[in-house]
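K.L.:
Those sequence lines, one after another, are chains A and B. The first sequence begins at 3 in this note's numbering and counts up by one. The second sequence begins at 302 in this note's numbering and counts up by one.
By construction, these hints were calculated from the structure, which means they are not laboratory data. Be careful, since some hints might not be right.
Derived list of chain A stretches under chain B, where covered just means 3 residues or more per stretch with a C-beta under 8 Å from a C-beta of chain B [said to hold, decoys possible]:
1. 139-146
2. 169-178
3. 487-494
Even glycine gets a Cβ: it sits at the ideal position worked out from N, Cα and C.
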Amino acid sequence: MNFLSIFVLVPLLMLLGLWLVKGQKGIRCVMMAGSTVLLITAAVLTVMFLQERAVNDAEMLFTASFDWIKPLHIKYSVGVDGISVAMLLLSAVIVFTGTFVSWDMNKEYFLWFTLLSAGVFGFFISIDMFTMFMFYEVALIPMYLLIGVWGTGKKEYAAMKLTLMLMGGSAFLMCGIFGIFYGAGGETMNIVDIANQTNGAHAIPVEVQHIWFPLTFAGFGVLGALFPFHTWSPDGHASAPTAVSMLHAGVLMKLGGYGCFRIAMYLMPQGAQDLGWIFLILTGISVVYGAFSACVQTDLKYINAYSSVSHCGLVLFGILMVNQVAATGAVIQMLSHGLTTALFFALIGMIYGRTHTRDIREMTGLMRIMPFLAVCYVIAGLANLGLPGFSGFVAEMTIFVGAFEHADTFHRFLTIAGCTSIVITAVYILRLVGKILYGTATNEHHLKLTDARWEERFAVICLIFCIAALGSAPLWVSNMIGTGVAPIVDHINTFVTNASFNPFF
Amino acid sequence: MDYSQFLYMREELSLLAVILIIFLADLFLCKEPKEGVPVRGGKIGLIACVLLGLHTLGNLIPCCGMEHEVTAFGGMYVHTAMMTIVKSVLNVGTLVVFLMANGWLRREENVVKQGEFYLITLFTLLGMYFMISSGHFLMFFIGLELASVPLAALVAFDKWRYESAEAGAKFILLAIFSSALLLYGVSLIYGATGTLYFTEIGALISGGSLLSILGLVLFMAGMGFKISLVPFHLWTADTYQGAPTVVTGYLSVVSKGAASFVLMTVLMKAFADTQLSEAWNIGLFWLIVASITIANLFAVRQQNLKRFMAFSAISQAGYLVLAVMGGTAQGMTALVYYLLVYMVADLGAFAIINVVEQNSGKINIDDYDGLYETNPKLAFLMTLCLFSLAGIPPFAGMFSKFFVFMAAFNAGYQWLVLIALINTVISLYYYLLIVKAMYIKTNETPIAKFRSDNYTRLALFICLAGVVLVGILGVCYNYIDTFAYGME
């Protein structure tokens with residue numbers, strides 16, 4: 003058994019443990035032990051990966067493969083490159099802090115929560131399309147119950163909408179996977195084999211790519227909050243319990259971007275070159291539209307959800323630029339957005355747990371009442387709007403520098419439009435912070451509220467530490483990610499864009 | 302006549318032996334009911350379950366000379382290794398039905414006719430065996446009738462209940478109507494080719510003649526009734542609602558599964574002609590699209606769980622027949638695998654519906670509101686079964702759906718697969734409605750807490766094991782695949 007499978011095995015053991023233990027204390031012990039093991043494994047994996055990468059330049063490291071369903075060439079194959087290591091690290095951090103944030107939740111909640119994280123980890127380690135798809139769906143379905151049972155507001159509607167939209171996306175995705183598999187000869191499901199045309203795979207015919215690339219990209223794009231399909235995100239995030247919002251916005255939405263890059267674009271490069279412009283326009287809309295929408299919201303969670311749409315749009319924006327710098331920036335943006343958004347949702351959850359309202363019109367002067375949470379909120383806001391020193395700056399800077407390398411009008415226009423989102427983000431973040439934190443508290447009830455408890459402080463500090471670390475020492479991460487991005491981008495760029503497909507050229 | 306040919310019919314003989322033993326046991330064990338003395342359950346249920354269990358184990362996998370195609374009685378009886386697998390799947394399904402029927406049969410009004418239930422059910426199973434292994438249209442027809450006429454008696458088993466009797470009448474009328482259609486189709490085929498042996502028909506039939514096309518259409522319509530594909534589904538909802546829940550489970554899985562496998566083998570063997578196979582693929586295409594879409598849309602609005610499961614079963618039948626498209630070996634594996642997975646999940650759901658109905662008399666979706674509060678284990682099992690039906694991993698349903706779609710995609714029906722996939726989202730919606738009722742909604746008068754009987758527990762355990770393991774363990778699919786065969 004390959005050691006990467008630990009990432010799936012540990013959550014499974016946690017499920018078993020949760021099933022067996024009794025009492026809140028036992029549940030907390032299991033969750034803490036499990037998530038700590040995951041975090042340590044992720045850290046160890048990162049170190050090992052960096053060492054191995056220095057001497058080994060295979061595309062995927064630590065690979066292993068086991069026959070699963072032989073007649074259909076389905077294997078359980080695992081392996082990691084720089085991108086997936088970064089994602090695993092992110093997931094481990096979010097699951098770890100999420101455990102602390104949902105300190106008082108009951109057993110069933112943690113069962114579904116752990117199942118969700120098993121899906122997420124499984125998705126990032128697998129390099130077989132079937133295995134990947136399976137874990138993808140494993141990660142989606144627990145959301146229904148997590149939001150439906152433990153959520154707030156119009157939770158039933160939000161849970162159903164989210165589940166159906168994401169499952170609709172995965173329906174397209176499944177078709178896309180068949181298209182890729184049979185288009186490449188029907189001999190292997192392995193992503194690397196299909197891309198490099200080894201082990202019986204041949205190049206996917208161009209017509210086939212033109213059919214299945216949009217479907218696959220849109221299928222993953224639903225989860226990555228691509229413009230017309232983003233509407234599940236605000237409702238879902240607003241209704242979900244805190245840790246679930248964190249995990250969902252922080253990690254699950256990354257599955258979308260990761261899948262678009264690793265499956266849709268990498269395996270169908272000609273399709274990506276010819277038809278990528280459609281999605282580039284859509285993500286451009288996501289970026290700007292999400293930011294504008296955030297400006298007019300009055301619910302804290304809705305603001306952050308629309309801000310997520312905007313920032314996740316930047317991820318897809320970066321990878322669709324198909325060059326080394328922008329794509330690396332996109333992956334850093336995944337990390338950065340995952341951390342900041344998780345921090346934001348955690349803080350919103352803590353504030354909401356005290357004030358019992360998320361309406362910004364009803365809150366003022368919280369800085370005096372809960373100084374710790376308020377200061378952290380300011381930090382989260384600054385990180386979100388891309389202040390230098392925090393991760394957001396590095397990510398957005400890299401994406402836009404990369405995007406600017408394209409000299410034609412089409413890309414220039416979109417890049418400039420995308421850049422405006424930074425300004426708009428600053429508008430809503432600063433207004434928000436000024437509105438709810440500063441000034442004098444007018445609500446009598448709010449004056450009696452307490453500041454954060456220890457487990458909440460711990461979770462928040464962990465996240466801030468990661469954001470600051472990523473922002474001040476981004477080089478090692480971006481190098482690591484760069485080694486993963488390079489083969490994919492180079493591969494896609496060996497195919498020349500057929501400009502006749504793009505009316506804007 | 303060479304009597305050693307009977308040895309090829311090992312499965313049928315073994316089942317016949319089971320039937321005879323149960324018949325004798327029923328004769329001697331059941332006492333005359335006396336005035337004033339309450340009738341006890343007796344051992345007949347246990348005997349039936351044990352015997353069927355032994356029969357299932359004894360014929361589980363093809364062995365001892367049954368691995369190859371064998372022909373007996375001049376081609377009337379044809380057996381391939383895959384058929385043993387299909388029969389095993391049906392055996393397991395029937396066993397689960399027997400287990401879940403136990404509590405229902407011990408009720409006061411049924412206890413005197415327990416033996417009849419087991420016997421009639423096994424006779425329909427025997428009919429399906431013959432239908433599956435037939436090599437001749439007459440043999441096929443006898444098997445089909447043996448499988449469907451006793452079913453009417455089962456549907457009307459609760460004859461004191463108005464709905465049950467009505468459902469029985471509806472079922473028998475439509476069964477006869479569809480048999481008549483089918484028989485007329487067969488006679489046209491006989492007119493076109495002059496033979497009723499599948500292999501000879503396959504060699505002689507030509508797609509150009511109107512006779513053979515008409516025969517094919519009527520044959521498919523007849524089978525459409527049996528599998529309950531839209532537009533031949535109109536009997537389904539009423540019959541499923543009226544029949545006793547246990548029988549509904551049997552109808553929706555075992556009889557449907559046998560019919561769809563036979564549809565595939567007969568189409569592949571007797572209608573293999575290029576023009577004809579193109580014709581039946583087009584026909585199936587529209588039947589599938591209609592079945593999946595229309596049944597899904599109707600299922601959304603249902604309030605009665607049995608009616609709901611009826612529409613769910615129609616759409617699942619659409620997915621099942623999706624594997625027939627193209628008549629490939631991959632499709633055959635996918636079909637049998639889908640049948641197995643669908644069977645455990647659907648029967649699991651029916652076992653829960655049945656045990657809830659027996660204990661509380663409630664059958665509407667609204668009644669299930671808040672089931673999680675009172676009976677968390679049942680609600681959890683129901684959720685797993687529904688997830689499997691909807692095709693959510695890591696449960697087996699996702700694997701079976703994936704493989705069926707893959708087979709149809711490989712056969713060249715990409716857009717059909719896309720339509721079917723979009724429909725899975727609709728089906729997810731209505732399956733989630735039940736999950737929502739159980740977990741999220743609250744109820745002032747919830748179903749009271751109760752303990753289910755041991756037979757139901759065993760049935761649920763088998764279903765749970767199937768739902769969880771059949772998918773994850775790839776061996777099932779791999780093993781079934783070694784016996785698959787397709788059109789040349």
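K.L.:
For every hint, state whether the structure bears it out.
P.N.:
Going down the list of hints, with the structure as the test:
Counting residues of the stretch 139-146 of chain A whose C-beta sits closer than 8 Å to any C-beta of chain B gives 4, which meets the bar of three, so the coverage hint holds. Against chain B, the stretch 169-178 of chain A contributes 6 residues with a C-beta closer than 8 Å to a partner C-beta. That satisfies the three-residue criterion, and the hint holds. A stretch counts as covered by a chain when three or more of its residues have a beta carbon under 8 Å from one of that chain; for the stretch 487-494 of chain A and chain B the count is 0, and the coverage is violated.
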